[in-house]
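Based on the provided sequences and hints, a complete structural model is requested.
This is what each chain is made of:
Protein chains: 2
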Amino acid sequence: MKARVTVTLKSGVLDPQGQAIQGSLKSLGFSGVGAVRQGKVFDVELGESDLSQAEANVRAMCEKLLANTVIENYTIEITP
Amino acid sequence: MKARVTVTLKSGVLDPQGQAIQGSLKSLGFSGVGAVRQGKVFDVELGESDLSQAEANVRAMCEKLLANTVIENYTIEITP
Chain A
4 MKARVTVTLK
14 SGVLDPQGQA
24 IQGSLKSLGF
34 SGVGAVRQGK
44 VFDVELGESD
54 LSQAEANVRA
64 MCEKLLANTV
74 IENYTIEITP
Chain B
4 MKARVTVTLK
14 SGVLDPQGQA
24 IQGSLKSLGF
34 SGVGAVRQGK
44 VFDVELGESD
54 LSQAEANVRA
64 MCEKLLANTV
74 IENYTIEITP
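Sequence order for the protein chains is A and B.
For the first sequence, the working numbering gives the first residue as 4, with consecutive numbering after it.
For the second sequence, the working numbering gives the first residue as 4, with consecutive numbering after it.
Fair warning: there could be bad hints in the mix.
No copy is singled out in the list; a pair is fine if it fits within one copy or between any two copies.
[Claimed, not checked] The list that follows gives simulated cross-link-like pairs (lysine-lysine, BS3-like), each with its CA atoms no further than 30 Å apart: (1) K29 to K13; (2) K29 to K5; (3) K29 to K67; (4) K5 to K43; (5) K13 to K67; (6) K43 to K13; (7) K43 to K67; (8) K43 to K29.
Think of the hints as simulated: they come from the structure by calculation, not from any bench.
Since this is a predicted model, take the numbers as computed values, not measurements.
Set out below in structure tokens:
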């Protein structure tokens with residue numbers, strides 16, 4: 004089983020990296036670029052075969068390590 | 004219009020960050036964790052209203068800045 008975890012900053016949290024990328028895109032000549040927000044994505048291979056157990060495990064991984072839940076949101080997609 | 008770009012390492016490319024995360028998950032007591040691969044996700048607000056033009060623009064952004072196409076793959080999802 005494989006899980007994809009996408010971690011993004013909560014709205015309202017300042018994203019200096021995103022702003023730097025937005026500036027670079029403009030200086031490369033891309034017009035009409037609005038806000039850019041950068042996040043992380045994790046592909047985790049899991050040994051479980053039970054879907055709900057796998058989801059619970061990945062949720063715990065996010066809460067403990069993969070996401071800083073004070074300033075970040077996370078979504079989990081599990082593929083068999 | 005909004006685009007989500009997901010950038011991940013090509014298979015076969017060493018991912019020391021992913022290995023470090025895998026080790027940390029094991030030391031936190033998560034058993035059965037296989038390989039972990041980390042990537043980036045970008046949410047870009049676009050001024051275009053034409054879907055194909057927006058896709059072409061984002062593809063050019065990836066080729067020029069958002070992805071290192073020698074070692075990374077990217078996928079683009081555009082939502083109106």
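Hints, verified against the model:
When the C-alpha separation of K29 and K13 is checked against a cutoff of 30 Å, the pair qualifies both within a copy, at 24 Å, and between copies, at 28 Å. For a Cα distance limit of 30 Å, the shortest separation of K29 from K5 across copies, 17 Å, qualifies, whereas the shortest one inside one copy, 37 Å, does not. Taking the shortest alpha-carbon separations for K29 and K67, only the inter-copy value of 12 Å comes in at or below 30 Å, while the best intra-copy value is 37 Å. For a Cα distance limit of 30 Å, the shortest separation of K5 from K43 qualifies both inside one copy, at 17 Å, and across copies, at 18 Å.
Taking the shortest Cα distances, K13 and K67 sit within 30 Å of each other both inside one copy (17 Å) and across copies (27 Å). When the C-alpha separation of K43 and K13 is checked against a cutoff of 30 Å, the pair qualifies both within a copy, at 13 Å, and between copies, at 16 Å. In this assembly of identical chains, the alpha carbons of K43 and K67 lie at most 30 Å apart whether taken from the same copy (16 Å) or from different copies (20 Å). In this assembly of identical chains, K43 and K29 lie within 30 Å of each other by CA distance both inside one copy and across copies; the values are 23 Å within and 20 Å between.
The structure fails none of the hints (numbered hints given earlier).
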